[in-house]
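Participant: Listed here are the chains, written in short residue letters.
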Amino acid sequence: MRSLLVLAISCAPALAGDLDGDALRRLVHQDCGSCHGLTLKGGLGPGLTADMLAHYDRDGLASVILQGVPGTPMPPWAPLMSDEEARWIADYLLTGENE
Amino acid sequence: MRPLILTFAALAFAGTAAMSETVATGDLGLVIERASGSVLLIDQSDRAALARIEGLGDLSHASLVYSPDERFAYVFGRDGGLTKVDITERRIAGRVVQAGNAIGGAISDDGALVAVSNYEPGGVRIFDAETLDMVADIPTGSKTIGLADAPGRRFVFSLWDAGETWIADLSGDDPDITKITGIGQNPYDALMTGNGRTYIAGLFGEDGLTALDLWAETPEPIQVLPGYGRGEAPLPVYKMPHLEGWASTGAEFVLPAVGRHEVLWVDARDFTETGRTATYGRPVFAMARPDGRQVWVNFAHPLNDTIQVIDTVTKQVVHEFKPGPAVLHMEFTPRGNEVWISVRDAGKIMIYDTRTFEKRGEIEAESPSGIFFTARAHRTGL
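Quick note, the sequences are listed as chains D and E, same order. One point on numbering: in this note's numbering, the residue at position 27 of the first sequence is 28, and numbering is uninterrupted. One point on numbering: in this note's numbering, the residue at position 15 of the second sequence is 902, and numbering is uninterrupted.
This is chain E alone, in the form it adopts within the complex (with noise of 0.2 Å):
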């Protein structure tokens, strides 16, 4: 019996080598520590913190996106710091600092490259994945905002001077650049939809926002619900909305307005509006279930501490709580069934049932922004 003693005791082994190696990711997100310039690997399953990872400078609006294997986050600084994260490692795999003042980014559809989009100097710059180096520089002479990623090695964004939106295609040797002209009047933020055929790009300067089909041959400014204010003054403007956490119902979009305590409904298909929804304050995000039955919308300063819940079938408000002080980001598990919602002044991520809305757990963190699960490594946009 010796041998097979022996094989027995190698296959044990073997299997605790490599039990004790392997890292599953696919539950695991992480949370923006913007005033420590920390992130915070949780883990869905166990509603715990698993480790903090330090040194990656200002993150005030910092945002990141994963590589498609669910192993690595790249962390968008403020600073213009372009942190490469080990989440199997929890470790910082790489750092440059390749702007002075930068706002998002986004990766490739092949996760080839990582795009970082710029206040100062304004323009794009594009990173190996792997590496880190900079493989192109497109400067825009404007601050450009509204980065995404595009189907082909595209990246998409728009510049809040100009009013100009460039398609830059990296699939060939050199950036191919596109530009669009007659966006309108200051693009603050810009949402690209799930299958990367939309990009829609909200105004500041204006009433109103402009959608381009990035199927069409020469992708054309279409006016979306243009002078939706009617001409009433719009209200001080305490933060932006945002629209990367754009909400799609299926036959709908629901878009915040800017200097308006409302939801605004578009038909995903002519763009015309469908409804509105009044609500508590100033939407900064208004984010729809994995499912699109439910958009959940938090607030600008000084009305941060609420969250309304909209139901898309009847348009209605069906859920009015207040998680804390400060509420920045929500993110859904990807199923939908629980939603994490950082509380900065609080110092906690809650974490809510989405059905009962009973509170399902809480998590401590440093001044917690952003919240992102690697599931969005898989999704074209994020």
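Next up, chain D with everything else stripped away, as it sits in the complex (with noise of 0.2 Å):
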């Protein structure tokens, strides 16, 4: 996650061709994954597969991830990630790729 967190502290916001997908997915699977699943079936928190998150559009999902939810778990990604690391996420997981 170097180059993610690189990204974060620089606050240097990314072009869409600087994203590094594979640290992004990495992301994810094994640190969203802490709570929503590796398989991102759901944990303490719930399930990110595509089925499930179909009431949310591109922006309204990224903007979960920036700001969190608040009263719930799910904490405000915005110190450690771009805007549009969290649209790339919300793209991976709206899509269904990660199926």
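Warning: the hint list may mix true and false statements.
No more than 20 Å apart at the CA atoms, straight line, and that leaves these computed lysine to any residue pairs for SDA-like [claimed, not checked]: (1) 1126(E) <-> 71(D); (2) 1126(E) <-> 65(D); (3) 1126(E) <-> 48(D); (4) 1126(E) <-> 46(D).
What the hints contain is simulated information worked out from the structure, not anything from laboratory work.
Each of the two chains sits in its own frame; use the hints to bring them together as a complex.
Facilitator: Printed below as a string of structure tokens:
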């Protein structure tokens, strides 16, 4: 996750072409997976399969990732990732590419 | 001399046969390989991996317990799989998928029953340790966490949604359930002390923890460190702390704070605060070396490449180092001379001397997480 960290720390808005898909995919499965399950079928947090997220559009889901869900364990990820990275993850989840 | 020679030959043969069938398990252990659904059999004395056993399903956040004879491990997978692994024959001896989504388990003091805690459906299911047949189903209507064994064929667990702790007594024909309400908002994990007396649930929904004295006739919730954040807004929690690897120094508990860069020291007798130690990041595990002299702490993403060692006499950090990316778990050898550390993104188990902090060895493993030595078989609450 070094590249992601550097991006976050530098707060440089990443261009789409600069995104490290492998690192983001790893983040989703390994770190989001702590709560949502390695296969994203759920855990303490809800499942993140495309079916279960069908009521979100990309920007809405990206905003949940960045801001978290107050009153739940879902933390805001804005301190650790850019808007572009959140949108990449939202796309990744909504297209069901992970399943 | 012929009869004597024959006798010698027969003895030698019998000896060889017996030796080839004997597998000592006291210095063995298993490592969860979370991404590949396998466990790695490891040997403490040789600092080596002996075998990989595959086919255990989704092992993210998996844990395991051992049978009293240290032959079988019961592995609790995220996907609801309960797998019985024979470590002497290095194979799966049984497997059931008992729920949709599970979070850990426990084995009864007599080794006869294995309990699994479930998110989906919520509740606890209890299985015959030999056959894996279900012997009891205890629905709770809630995500169920913090399952631990207690003496007397009992299991204790907490309800994330309802803020209750239940004690299931399996010593009779039917489970006898005691429900304790008012534990607090969103208990997320719990620990059982080694003597089976004290159960402490950590709360996510409020600052504090709740203890139960299981020696009491009717255990009542005891508030521990209520409002320890003193109104400061907690930091985002990117990984929940774990209490199962709780630390006790004898006189004190050392507990990871939620959403704060500190560990909390609590008097083991009256649960009052005895100190705080500022840490590098948000702690995930705070684990005492078996002698209680040191507490080793690892941290949540994105600071999860670092470990700090705290001296329990001075409560000061005495050592800090970076084993590698994504340190997920630590396991001490039973006498505490070494600590084995899983470094997920390096694909390695790293082995350190706990006195000199020198590295003693490393073992290749696929995305390793939990490390479990067979000595756990003989400890309550693990």
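Participant: Does residue 48(D) lie within 20 Å of residue 1126(E) when you go C-alpha to C-alpha?
Facilitator: It holds: about 17 Å lies between the C-alpha atoms, which stays within 20 Å.
Participant: Between the alpha carbons of residue 1126(E) and residue 46(D), is the straight-line distance 20 Å or under?
Facilitator: holds (12 Å)
Participant: Quickly compare the C-alpha distance for residue 1126(E) and residue 65(D) to 20 Å and report which way the hint goes.
Facilitator: holds (17 Å)
Participant: Tell me if the straight-line CA distance from residue 1126(E) to residue 71(D) falls inside 20 Å.
Facilitator: holds (16 Å)
Hint compliance for this structure: every hint is met.
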